[in-house]
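A.B. asks: Protein chains in written order, with my numbering: chain A, 1 to 385; chain B, 1 to 385.
It is possible that some hints are incorrect.
Chain copies aren't distinguished; within one or between two, either way the pair holds.
DSSO-like, lysine-lysine: derived pairs with alpha carbons at most 30 Å apart [stated by the list, open to error]:
#1 Lys239 / Lys209
#2 Lys21 / Lys90
#3 Lys328 / Lys309
#4 Lys309 / Lys166
#5 Lys351 / Lys209
#6 Lys230 / Lys208
#7 Lys353 / Lys243
#8 Lys239 / Lys336
#9 Lys223 / Lys208
#10 Lys363 / Lys209
#11 Lys3 / Lys326
#12 Lys230 / Lys243
#13 Lys336 / Lys208
None of these hints come from the bench; they were simulated from the model.
The model shown is predicted, which means the values in this text are computed figures rather than measured ones.
Protein chains: 2
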Amino acid sequence: MDKVVTCMAPVNIATIKYWGKRDEHLILPLNDSVSLTLDCDQMHSQTSVVAGPFVKKDTVMLNGHVMPIETNERLQRCFSLIRKLIKEKKGENCPEAQWNIRVCSENNFPTAAGLASSAAGYACLVYTLANAFDLVTEDLPAIARQGSGSACRSIYGGFVHWKAGKDDLGSDSTAVQIATEAHWPEMRIIILVVNDSHKKTSSTVGMKKSVETSELLQYRVNKCVPERTKDIIEAIINKNFVKFAEITMRDSNQFHAICLDTYPPCVYLNGVSHEIITFIHDYNDAAGHVKVSYTFDAGPNAFLFILEKDLDLFMSELIQVFPSDKSKSKYIRGIKSTNPDQVAPYGFEPKEKDLLKYILVTKLGSGPKCIDNHLIDIDSIKNSD
Amino acid sequence: MDKVVTCMAPVNIATIKYWGKRDEHLILPLNDSVSLTLDCDQMHSQTSVVAGPFVKKDTVMLNGHVMPIETNERLQRCFSLIRKLIKEKKGENCPEAQWNIRVCSENNFPTAAGLASSAAGYACLVYTLANAFDLVTEDLPAIARQGSGSACRSIYGGFVHWKAGKDDLGSDSTAVQIATEAHWPEMRIIILVVNDSHKKTSSTVGMKKSVETSELLQYRVNKCVPERTKDIIEAIINKNFVKFAEITMRDSNQFHAICLDTYPPCVYLNGVSHEIITFIHDYNDAAGHVKVSYTFDAGPNAFLFILEKDLDLFMSELIQVFPSDKSKSKYIRGIKSTNPDQVAPYGFEPKEKDLLKYILVTKLGSGPKCIDNHLIDIDSIKNSD
């Protein structure tokens, strides 16, 4: 390989939550999930790959730090699945299957902020490797899934459905696109990054404990999720925002209910998260209509969904209710308001300052893509290794 | 009636939670519940009743305030059920059934502190009326239930099982005693009264919303609660503390999970509640054994269960972890420690001061009883009315 291949992959946020594996090793989920892929302009992972006889050993750098591949089962699995595909495609003894691979990856958002960095990261790794080795026609979601479950959803843009599947080997557990980002371009996503100091249970550990101890989880998996998945896909196809928004809120709440039903309980929402939830319901009540909805992953940060036409008015109320001492440009990031001087429409009482770190406004985006901005200098590797 | 009748009734705390009615009017629950009756020495309602031709109209005083009976369906129902029983027993035209009734009631603990005041209050009202009108052999739990559901459990001491029943008219929905307080005299209950300013959804409104919107509730009712009820009754009978404690914690968590699965969600636990939950699990982990368990009603206050032998050591750690600027006698109330100078055994980090208002230590107690300390002066009524 004479050149570096570099790609960019998006973050996705689930509206029907993935929580619980039916196979820990193959990363097969207990239930379907549905997600929206966010625009790479605001948040993305970027990965450069180079491979060849001149690379002395497999290495992965993440955000400037060397990752220990030997102890990272997920990284190893992605590497070996890619090498298996290379052999299937180019022959058991092809030289490419023997090459070592150098990976350099960066996120343009805080890794530990609970903003789905591993999904974007593994999607980007797999997509970049596939491009480097000419494997883009393969089932990439199924490989990305084995790095980090929800990564399979970041392989596509727009609206994505990860089907749990039934096969014990996972042959039918993969992601499909429901609709592209162009289907519903009015959709906006507002991320409220919450100040939080608590150590949380990782989602890998949390969902394992839920599978082992939550009596309610099986009912969610068997009864609630199948109905909701069908309903939200219908709502997406019909661009029915109210239905989409309600199912999203209910499923976020149910996911956190399952976490609480876990023994000992896993608690990911904090007081600020609950203040956001109450605010969203109050706002919709005041508007007389569901204008905005929330979802929370395994952390306190809120992801809000709203249509473009309602964004400015809502943002005015939001920054009134959650004030900050930061400058507006530091506090509100991402897509700029076209009409920023609206007055807060309902005049809710402001809460104490700086409950939020910052607010990021973004929209739907496409799947991963190749770019020219490389993180690896091939010449220095050829010279140094 | 020539004399005032005065009774005292206890608070009870559920270990299998009552949440959801199958009949709003008759107050019939969707599921069985199990509770412990607390000692009247620490917490009780006290009620005096007088009735006779000299009482001009039905009146109810609660903690010094006149209650509007006309708009209080629950009070009306208790009065009319008692009058129905009087007629059944003494004849349709007996004078007693025509008498007006004066009630004066007081709690020796804050009514609004989320400490099950309505359960003790209605149990006390019904028990006192039954004593005043010679009806103590009747099914008093079924009448108390129609004042406030969980009041039926305060009619008995020790361990109590409220059977949901199946009859549409509620004939089989009543409380029975599992065991008296003498069966497990080592049981101690520690109440942690949490500082909280939030307005909460009342339990009546909250459970109605859960029945209407929580998909998980039906599964809890049909599958989880029947098994847990059977198991915890067995644990109580066998005095198996570890099993009792675990089921109690799991059911508290599941009840709050159902509240979160409600739409919009009902949130009763606050950050301090969650800190208590984490502390209890950490303490048990450090002890290598389940020494103490928690349960939370529709509010942030914790009710802890522990055996007498483990109380002193636990209390030492508890007040180290939840320190207070109050004097010890104001901060720790109720049953005094016999050996108070233990050192906190595990040396957990103290949290910020005054997360708790106060700590009340109590034990199991008996059901309602008649006392001589009247809240009504019969002579002044005869003279004034």
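A.B. asks: Against each hint, give a clear statement of whether it holds in the structure.
C.D. replies: Here is how each hint holds up against the structure:
For a Cα distance limit of 30 Å, the shortest separation of lysine 239 from lysine 209 across copies, 28 Å, qualifies, whereas the shortest one inside one copy, 36 Å, does not. Taking identical chains as interchangeable, the C-alpha atoms of lysine 21 and lysine 90 are never at most 30 Å apart, the minima being 33 Å within one chain and 66 Å between chains. Only within a single protomer do lysine 328 and lysine 309 lie at most 30 Å apart by alpha-carbon distance; the minimum there is 21 Å, versus 58 Å between protomers. Proximity of lysine 309 and lysine 166 under a CA criterion of 30 Å is satisfied in neither setting, with 41 Å inside one chain copy and 52 Å between copies.
Taking identical chains as interchangeable, the C-alpha atoms of lysine 351 and lysine 209 lie at most 30 Å apart only when they sit on different chains, with a minimum of 27 Å there against 35 Å within one chain. For a Cα distance limit of 30 Å, the shortest separation of lysine 230 from lysine 208 qualifies both inside one copy, at 26 Å, and across copies, at 27 Å. Neither within a single protomer nor between protomers do lysine 353 and lysine 243 lie at most 30 Å apart by alpha-carbon distance, with minima of 33 Å and 45 Å respectively. Taking the shortest Cα distances, lysine 239 and lysine 336 sit within 30 Å of each other inside one copy (24 Å), while across copies they are farther apart (64 Å).
Taking the shortest Cα distances, lysine 223 and lysine 208 sit within 30 Å of each other both inside one copy (20 Å) and across copies (22 Å). Proximity of lysine 363 and lysine 209 under a CA criterion of 30 Å is satisfied in neither setting, with 34 Å inside one chain copy and 34 Å between copies. Taking the closest pair of Cα atoms, lysine 3 and lysine 326 never come within 30 Å of each other, the shortest separation being 43 Å inside a single copy and 70 Å across copies. Taking the shortest Cα distances, lysine 230 and lysine 243 sit within 30 Å of each other inside one copy (12 Å), while across copies they are farther apart (40 Å).
Taking the closest pair of Cα atoms, lysine 336 and lysine 208 never come within 30 Å of each other, the shortest separation being 40 Å inside a single copy and 43 Å across copies.
Going through the hint list in order, the structure does not satisfy hints 2, 4, 7, 10, 11 and 13.
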